[in-house]
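Asker: Single-letter residue listing:
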Amino acid sequence: MKTPLYYLRIYLSIVTQYIKAKLQYRTDFFISTIGMIFTNIAGIFPVWIIFHNIPSLHGLSFNEMLFIYCFSLLALSPLQLFFDNIWSIWSHLLSGTFIKYYLKPMNVMFYYMSEVFDLKGLSQVAIGIGGLIYASNQLDVQWTLLNIVLLIVSLIGASLIMISLMILAASTGFWIMDPWNVISLVNRFRDFAKYPVSIFNDFFKFIFTFIIPIGCIAFYPSQLFLNPLQDNEMIVFFSPLIGIVLFIIANAVWNKGINSYSGTGS
Amino acid sequence: MNMGRYLVIAKSSFMTRVARRSTFIFTFLGNLAYITVIYYLWMAVYEGNSMLNGMTFNQAFAYLALASSLFTMFQVYTEWFMSAHILNGDIITSFIKPLDYQFNKLFEAFGAVISNFITISIPTLLVIIFVFDTKIEVGLNLAFFVISLLMAMLISFFIDYMIGLCSFYTESIWGICTTKDVIVLFLSGAMVPISFFPEYLQTICAYLPFQAIYNIPLTIVTTPGLSLMDYANALAMQGMWVVILLLVSRLLHAVATRTITVNGG
Chain G
1 MKTPLYYLRI YLSIVTQYIK AKLQYRTDFF ISTIGMIFTN IAGIFPVWII FHNIPSLHGL
61 SFNEMLFIYC FSLLALSPLQ LFFDNIWSIW SHLLSGTFIK YYLKPMNVMF YYMSEVFDLK
121 GLSQVAIGIG GLIYASNQLD VQWTLLNIVL LIVSLIGASL IMISLMILAA STGFWIMDPW
181 NVISLVNRFR DFAKYPVSIF NDFFKFIFTF IIPIGCIAFY PSQLFLNPLQ DNEMIVFFSP
241 LIGIVLFIIA NAVWNKGINS YSGTGS
Chain V
1 MNMGRYLVIA KSSFMTRVAR RSTFIFTFLG NLAYITVIYY LWMAVYEGNS MLNGMTFNQA
61 FAYLALASSL FTMFQVYTEW FMSAHILNGD IITSFIKPLD YQFNKLFEAF GAVISNFITI
121 SIPTLLVIIF VFDTKIEVGL NLAFFVISLL MAMLISFFID YMIGLCSFYT ESIWGICTTK
181 DVIVLFLSGA MVPISFFPEY LQTICAYLPF QAIYNIPLTI VTTPGLSLMD YANALAMQGM
241 WVVILLLVSR LLHAVATRTI TVNGG
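For the record, the sequence lines run as chains G and V.
FYI, in the UniProt record's numbering the residues of the first sequence are 1 to 266.
FYI, in the UniProt record's numbering the residues of the second sequence are 1 to 265.
Just so you know, these hints were derived from the structure itself, not from any lab.
In this text the structure is predicted, and so the values were computed from the model without any measurement.
A couple of the hints might just be wrong.
In silico BS3-like cross-links for lysine-lysine, where the CA-CA straight-line distance does not exceed 30 Å [claimed, not checked]:
no., chain 1, residue 1, chain 2, residue 2
1, G, Lys20, V, Lys180
2, G, Lys20, G, Lys100
3, V, Lys135, G, Lys205
4, G, Lys104, G, Lys22
5, V, Lys11, V, Lys180
6, V, Lys97, G, Lys22
Pulled from the structure, derived: some chain G residues nowhere near chain V, Cβ distances all over 10 Å [to be verified]:
no., residue
7, Ile10
8, His58
9, Glu64
10, Pro78
11, Asn107
12, Phe110
13, Asn137
14, Leu139
15, Val141
16, Leu145
17, Leu146
18, Arg188
19, Asn227
20, Ile244
21, Ser262
Backbone N, C-alpha and C define an ideal beta-carbon position, used for all residues, glycine too.
The whole structure should be built from the sequences, with the hints applied where relevant.
Answerer: What follows is the structure, encoded as structure tokens:
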């Protein structure tokens, strides 16, 4: 019987070996981390510049925008840390090496994703937490026990959204062979998570809430902490659910995909 | 120098890029999404202001939307291809050819830029003009814009080329390329027009080559009523950077290739 505990044990042993191997290349870790830090600081830079020119953006202050941005960094971290192998799937599908993931008695997606643990992503977690603490101090957000539980639950739900979208993009590879372009397109949406959905007109509000729910990655869930609880719209409470539903769909599509992928025949 | 052989390289690079049609469609869709988002973002920025830092909403939007279109046009991955070839040793086959390595790469990049221009930038431009109803002045500025674009392409290429040379020293090219992309995008004004920057950042940017890639051509095309003197100054500034970066990159090339070791086999 494969319990979650069994998977956790396997994951830890695979990842330990991976990290040992990676630590052979310290300069690479150092340079990649710098790249990651630059990318993360870059994300807030345009907002910071904009706020040099105007006092508030559609009713939001700079600190509120910073809070939403750092929330999005944290919500996108699990994707970066645990699912980075998505970017290599094209080479496995084209060369046929993907077939090896069918040959172990465990979940294919788990086995495939467990092969990479993205060390440089840890800097994103650090920046996210640091920025969130700074912004909530400036905004007087009270971190009661209830709020901390809410934060963790909403972060988990939110992180599933981008993970699911990326898995859906990667799954197209089982039919079209090279999903690189689809993955890069979906990846571009992750940059939009930091913007308030309230700036869009009704049509795009609907799209970014229900069709490509990037608004549920950071904007809606962070309203839970920025506004008094009772002032929020219903969608704010439902956004973690959207992540779970999307993940169930993505998992189903992935499973359909691995059943129809036929390898390369050699 | 025999130009003919370099033009063949440009042409074959063009044909290789054009063959991958799905790339264009997905890059174009990504551009559309990005342009939509910045449209609404900057509408929000201009809420209650008709003019910020001497730019109207229409100018700021045209500037940023064109910047995204230029960014995908200049994105030809010179540094990634160079590093792949340096790391696996294939670079040696380029060195033994009777071609200058840098010009070889330059014309490859040029072919790719042209194919990006036709397949991604033009459709994006049409959407910017017709769907978002953005006014772009038609006149002398367009002629200077084209010259300015060519020099911007050269500057962008020389920077990519110098980054590519880093692979002679390190294998961790991801971090270096990402850092470069971020620095170029910001300090060039591609994310936010440079006139929105705080005073001290504007001064720093003025002394760096990055603003010559995006800010100069975009200012030329979006600002109405520039004098001939303004155009001449802008182009001279770009020309200066082209010469400086050409010399620096060739010097670095000479230094870097001395360290090369390729295993036989």
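Asker: Indicate, hint by hint, whether the structure satisfies it.
Answerer: Against the structure, the hints:
1. Taking the CA atoms of G/Lys20 and V/Lys180, the gap is near 29 Å; set against the 30 Å cutoff, the hint holds.
2. Of the pairs offered as hints, the one joining G/Lys20 and G/Lys100 holds, with about 23 Å between alpha carbons and a cut-off of 30 Å not exceeded.
3. A distance of roughly 26 Å separates the Cα atoms of V/Lys135 and G/Lys205; the hinted pair therefore holds under the 30 Å criterion.
4. The suggested pairing of G/Lys104 with G/Lys22 holds, with an alpha-carbon distance near 24 Å, which does not exceed 30 Å.
5. At most 30 Å may separate the alpha-carbon atoms for a hinted pair to count; V/Lys11 and V/Lys180 meet this at roughly 28 Å.
6. At most 30 Å may separate the alpha-carbon atoms for a hinted pair to count; V/Lys97 and G/Lys22 exceed this at roughly 37 Å.
7. With a least CB separation of 28 Å from chain V, G/Ile10 remains clear of the 10 Å interface cut-off, as annotated.
8. Not every beta carbon of chain V lies more than 10 Å from that of G/His58, the smallest distance being close to 4 Å; the non-interface claim is violated.
9. Every C-beta of chain V lies more than 10 Å from that of G/Glu64, the closest at about 13 Å, which supports listing it as non-interface.
10. For G/Pro78, the requirement that its beta carbon stay farther than 10 Å from each beta carbon of chain V is met, with the minimum near 20 Å.
11. Its beta-carbon lying about 29 Å from the closest one in chain V, G/Asn107 satisfies the requirement of being farther than 10 Å from that chain.
12. With a cut of 10 Å on Cβ distances, G/Phe110 stays outside the contact zone with chain V, its closest approach being about 25 Å.
13. At roughly 24 Å, the least C-beta separation between G/Asn137 and chain V is larger than 10 Å, which holds for a residue marked as non-interface.
14. Interface exclusion of G/Leu139 from chain V stands, the closest Cβ pair being 20 Å apart, more than 10 Å.
15. Distance check on G/Val141: its Cβ is at least 23 Å (rounded) from any Cβ of chain V, clearing the 10 Å threshold; non-interface status holds.
16. Distance check on G/Leu145: its Cβ is at least 35 Å (rounded) from any Cβ of chain V, clearing the 10 Å threshold; non-interface status holds.
17. With a least CB separation of 32 Å from chain V, G/Leu146 remains clear of the 10 Å interface cut-off, as annotated.
18. Remark: the non-interface label on G/Arg188 conflicts with the geometry, its nearest Cβ contact in chain V lying 5 Å away (cut-off 10 Å).
19. A cut-off of 10 Å between C-beta atoms confirms that G/Asn227 is not in contact with chain V; the least separation is 19 Å.
20. G/Ile244, annotated as away from the interface, keeps every beta carbon of chain V farther than 10 Å; the closest lies near 25 Å.
21. Listed as a non-interface residue, G/Ser262 keeps its Cβ farther than 10 Å from every Cβ of chain V; the least gap is roughly 21 Å.
Violated hints, listed in ascending order, are 6, 8 and 18; each of the other numbered hints is respected by the structure.
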